[in-house]
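Build out the structure end to end from the sequences listed, making use of the hints.
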Amino acid sequence: VNQGWRWPWPILMFGSLVAAGIAAAPTPAAEPPQAFRLSAIWTGEGEPLSDAGLLVIEGRVAAVGAWDELALPEGTQVHHLRDQVMIPGLVVAETAVGGVGDAEQALTPHLLAADGFDVYADFSSMLAAGVTTIQVSPGSRRLVPGQGGVLRLAGGTPDQRWLSRAESLRVMLTASAFNPPTIYQPPVGAVSEVRPLEPVRPQLAGSLAGAVAGLRTLLSTARLVRTSEDVDELELLGPLWQVLDGELPLRLTARTAAEIQAAAGLLEECQVTALLVDPLQLSSAGSEIMLDHFRGFLLRPPTGPGRLRDDLGPKAGEAFWEIASWLSERGLRSEVALAVDSESDLLEIRFLAALLRRAGWSDADILATLTSNAARLLGVHDRVGTLQVGLEADFVLLSGAPFSPNTQVLGTYISGQRVYRGGLVGDGSAAPILIRAESYFDGRRWHRSRSQLLVVDGRLAAVGEEVSYPASTTITHFPAGAVVVPGTIDLSAQLGMGGSLSDRLGIEVKLADQLLTGDETALAVRRLGVTSALVGSSRLPSPVMAIKLTDTPRVLADPVALRFEISGNLSAARTNLQRTLERGEQYAKQWDTYDRQYAEYEAALKAYKQRVAEKSEASSPPAGKESPAEGGGESATGGDTGSGPRGTPPEEPDAKPSKDDPAKPTGDDPAKPADEEPQPPKKPTVTAALEPYRAVFAGRLPLIVEAQQQQQIALAVELVAERFGLPLIVAGGMDAVAMLPRLKEAGVKLAVGPDWWVQLSGERLNLAQQAATAGVPFGFQSAGGLGSGHLPEAIRYLTYHGLSVSDALAAASAAPAEWLGLAERVGSLRVGADADLVVLSGAPDDAGTEVLAVMIDGDWVYRRGEP
Amino acid sequence: MRDRACYGVKRPSPSGRWLWAALSGLMGLTGWAAGGSCVRADELVAITGGRIIPVVGQELERGTILIRNGRIAAVAAEVEVPVEARVIDATGQTILPGFIDVHSSDPMSQSNERNPNVPFLSVVDTIDPQALYFDDARRNGITAVSVVPGNSTMIGGQTAVVRTAGTYVNDMLIASPVGVKLSLRPPSGSRMSHLAALRRELDRAKGTAAADAGEAADTEPSTSTDGGNDAGGEGDSPESPPASPPSGQGSEAQQQGLEVLRQLVGGQLLAFIYCDLPMDVVHALELIKAYDLKPILILGRECDRAASLLADLPYPIVLDPRLVYWRTRPNTRREERVDVPAVFHGLGKSFLLQADTTASRQTLGSGYLWYQAAVAVKSGLSREQAIQALTLAPAQALGIDDSVGSIEVGKDADLVILTGDPLGTLTWVDKTLVGGEVVYDRSQDEFLRRLLEATEQ
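Protein sequences appear in the order of chains A and B.
Letter 4 of the first sequence, counting from 1, is numbered 154 in this note's numbering, and no numbers are missing.
Letter 253 of the second sequence, counting from 1, is numbered 254 in this note's numbering, and no numbers are missing.
The set of hints was computed from the structure by calculation and includes no laboratory data.
Using N, Cα and C, we set each Cβ at its ideal position, and we do this for glycine too.
A few of these clues could be false.
Cβ-Cβ distance ranges computed for the label pairs, FRET-style [claimed, not checked]:
1) A:E472 x B:D293: 53 to 59 angstroms
2) A:V617 x B:L365: 58 to 64 angstroms
3) B:T364 x A:E224: 57 to 63 angstroms
4) A:V617 x B:G349: 40 to 46 angstroms
5) B:G267 x A:D268: 29 to 35 angstroms
Listed below in C-alpha cells is the structure:
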C-alpha cells in the first residue's frame, strides 16, 4: 500500500512562521557602493594603473581607472589603501586539489570531478594565498578520467560557487594512465545470480599506440553513431558528441614529444582544438603547424618550494620557463596559463609564477597566466579573471608588486566581500611590521645606508640595513629619501588632560588619574611627530609625569620629575627653595637611616634565628621530653649526629618573635648567655608630601627648575646641583647662555624653549647651538598645548641657524630620555625599545620635508593621506 | 495490508496466551512480549485514570481511552466504560502515542548487500520478528519502526514500516513499500563514479517512465525503450565482450528494480537519502530537483555545516544519532563543541531523531529515542516539539499518520504508558500497546528484573 505523500504540517507551519518572521524583519539595506583607492591596480591585462581606484557595486566591478577620474555615487564607502596594490583574484587553470581520485575504468568521460569534490573543505589557506578560483580535475591515472569543473572558493552557497561543473573533458596521454587496473569486474556479491551486473569492460592497451588507437576508435564511433538508446553507450559517447560539436572543450595532457605529436594527430582527425597540458618536450616535438591544434598551453612550474627535493625535476624535457620562452617567441604568450598539483604548491603560486621572469616575461605577462589567460582558457572570463566593469569583484590586496619578494597578501575579496584578512597572526594580534626607509637616526647617530626596522608587539625587534622577519610581517615601504627618526619628546607640555592644568598640586599627587582618552590636542600634536611629553600643572611646584600620546595616553613614569620655579625676590626664593630642600633631605635621610638600620636588623635577625635553631638542636634531647608532640625523630637524629644546620624549625618565631620564645630557653637553660632577639628599628612616619624627595635624594628623580635670569639660574645651580648634589634641569633659562661653562661643570642640563634666541651684549645667540657648542646637554620644551606640535618644525628652524641635525635630533629624543631614566623605552631606535618613531619624507633639515607617518607603541597613529 | 489478516494462524485465546507466551519463552525468546496483533473483533480495552498526551489536541490531566477492535474508540476525561471492557488502570501514569523509529536497519538480519545497486530487494524479506531489536523496542515504547537498509550502498532496496510486535512479518506491516534507500557515500571507489552510477539508474527510470507516458498518450510506437532491450543493449555495447547472458531471473529482478525506481522518480515512493558529508547535501538537493524525488534526508554527523541549505526547504530530515560532537577547526586547530539540534532549531528547521544502536556509540543514552528527544530539549526544543519528533512527525514523514502518531479516535491503539514525565530519566515504560494489545508490561519483564537485581546487589 502506498501512502500518499503528505507534507508534514508542523514543518510547513514552522516554515511559514519562519518565513513570516523573515519578512517582518527589516530587510537589510543594500550594501553601499565600495570604492578602493590604491597605489596601483593590475587589472590582469596589460600594465598596472597607478594611483587608481576600483568601484564595487553589488559584488561586481562598477568602475576601474585613475582615482581622479572615478565618479563615485552618493554614499560610497571609500577605503584609502594608498600603499597597497590590487590584483584580480588568482585563477589557477588546473589543480589536483581535493583528491577527487580515479574511477575503476579507463574510459569514464561522463564522470564529473565536481561530484567528488568537497565544497565544504577548508579553503582558507588558498584564499590567504590570493587564489579565488581553481579548476578541479578528475583523477590523473586513467586515459579519460572525466570532466573537470571550475570553482570559486567562497561566496554564496556551495552550489553557487561552481562557475562550471563540466569545464572540459580530460584526456591523459601519459605513461601513468596507460596501465590502469586490469579488466574491471564488480566483486561477487551475496545475490550474484540476480545482480544487475555492470557489463565487463576491457581496458585499452597499455601503451601509447594502444591508447591512441582506442581513442581514435572511440572518436570515430562517436562521429559515425550519433544516437543511442543504451545508457552505457550514452555515458561513453555523450561527452564525445559534445566535444565533437564544440560544446565541451578538450584538455589533453601529453608530456613527451611522441605524446604531443599523437595528441596533435588525434585532434587533426576530429577537427577540434584542445588545451595542451604539461608539454615538457614541446620545442622538440616540432612543427609550428602542430601548434594550431592547441588553443592554450598549461605549464606546470617545478613543485614543492616548501621542501627541498632530492631530484632535479622532470627528467625528459625543459624547464617550464624555457617552454614559455619558446611559446612567446611564436607569439603565443597570451595562451599560457599555469597548472599546479598540490595545495601546498598552490599556496606558493606567486613565487612559482615569478620564475617566468627567466623567460624574460614582464610582471604583467606573468600575472596574466594566473588571471586573464587562465580565465579565458577555462571559459569563465565573463565572470572572473580580470578587473573589468561588469565582472565579479574578486580581487586581492597586496603590500607590493605581485611578484616582488616580500609582497604579502593583505586581503582577499570575493564578490566584493572580504574572505581573508591579512596583517594578523594566528592569535589575532597585530602582525609584525617591517618599515623600510632610506636612512634612520637611532637617537645618537645617523645610519645613512638603507634601513629596515622590524616592529613586533609594539617594540623594535630588529634594526639594521637588512633584517630577517617572520612570514606574517606586513611590510611598509616608504618612498626614496624617507628617514626614520625617534619620536620627539617634549620636556614640558599641556597634553593628554583635556587642556591645561593650573591647579595647585601637592608634589605627591599622581597625575595619571587626570588623563583623558582622545584628547584632541594630543591627537593633533602627535601627527606632527611628538610622541612623548612631560606634563604637569602650570602652577609650580608640581609633580611631572611622562606620557605617550596614544589614543588613551600611556604613562611612562609618574612622577618622572619635580618642577620648581625661581622667580621674584631672589632672597625669598633662596630661603624657600633651601628650606624645601632641607626638609626633603632631612626626611630622606630619616628614611635612609631607617633603611640602613632595617638592613642591619634583618642581618641580625637572621643570625639570631640561626643561633636559636642551633641551640634548640643542641638541646633537643632534653627538649624532647617537654614537647613530645613535636616529631622527635628528626630532631633526635639531628641532635645525635650534630650535623649541619637543619631547615627552619617547625614553629618558626614568625613576625612576632615575642617574649615567650626567648623566655623559654633562658628559663630552661640558665647556663647559656641570654640571647636577646634583635628588635626592628622604629619606622619613621610617612609624610606623603615629602615622599618624592626620597627618590630625589637617591638621585632617581631629577628636579626641573624654571629660572630665567642669570642670578636665578645661578641660585638653582648653587643650591640644587652644587649644595645638595641633585640632578638638575634648568628650564627656559635664556640667560644660561652666559654661564654655560659653569653649567657644564655642575652637570646641569638645559630644557630650551619656547624661546630660542637670546641677546647677549648686542649679539643674537641661538641658545641650543650655544649649549651644543659648549657641551652642555640640552633638550626642548614647548611649554604649550597645541604649540607642542611646532616642536619638530622648530628643531628644523634651529638647524637652519647653526645647530647640527644630529645634536638637534638627539636633544629631542635620546638625551632627555636618558636624564629622565626612560632610555630603556623611548628616545632611541634600538632593539628592545618601544616602537615610537616618525618617518620623514627627507632630511630633517630640508625645508621640503614632511611627516609621512608616526608610530607609537607599534601602531601607526598617523599616515599621510589617510584620515 | 493495513487490515491485519491472521494468515490462518490459530490465535491463542486470551486465556491461552499465557501458555503460548511461556512456550515462546521456552523457544529461547526473551521476555514476555511478542503477543501478536490479531485482536478479537469485540474485545474492548479501557485505559483509565492516566494523564493523556495525545500530541494532537488538548492534553488531558486525567482521562480514559477506550479501545475497540484495536482502534481508539474514545478519548475523553469522562468515558463510560462498558462492563465487558478489560480495564488497565493507569492512575498516576502518562499515556502517549507509541514512539516511531524513523530510520533503523536493526530489524534486518544484514543491513546491506555487497552489491550496491539492489532496488528490487525489500526489507520485508529480511525482517526477523524475533530479533532482539523488537524486544528492546517494545521495552522502550517504540510501536512502529521504519526499516531502511543501511548506509553502505547506492540503491539499497525498498523500505517498510512495521509494528514492533507480531509473529510473522506480514502481521506487522503498516506499509510496504514505503521508500527506497539511496546513499551518497560510496561503499567503495570514488564519489564521482558513485554519483554518476546513481544518476544513470535514475535517468534510466526517468527515461522509461517518460517513454511509457508518451506511449500511453499516443499509441504510436516511439523509440523502442523496452526494458528487455535495455538489458540486452548493455551486452551489445561496442566495447563489451559478450558477457554471461543474464538469467531470466536476473532480468526479472532488473525489471522489478526499474519499476521501483520509476515509482521513486515519480514521487510515489519516498527517497531515504543518506548524506554522509555536508557536500552530499548539495548533491542530494540536486538529485531531488532533477528527479522530482520525495525525500527524507538522513544526515551524517557534520551535515550541520550544510544546515543553511536545508533551512528553508520542506524536506524532512533525520539527524545523525551523535547529536553533540566536537569538531576541530582546520585553520585554528581549536576544538569546538557542535550542538546539532541547536543549529537546526536556531534556523527554524524541524527534524526527526534516530537512535544509535551501533556498538561504537559513545554514550549509552543515544541508544534511546526518548533520550535523544531529551537532548534536543536541552538544545532548545520545546517539550511538545520533542515529543512530536518521536510520534506524529515521523508518522507524517512516512505517510502513516492516518493510523498512528497521535491519540485520536479512529487511529490504531499503539500506545505507551509511562510511569511519569515523558522525558525524565527516572521514568519507566510501564506498558506498551500495539493494536490495543499489551505487548510489553514492565511487571512481567523478566529481563529487566534480573538486570535491576544485579544492579541492586
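**Message:** Output the indices of the hints that this structure fails to meet, ascending.
**Reply:** Going through the list in order, the structure violates hint 4 alone and respects the others.
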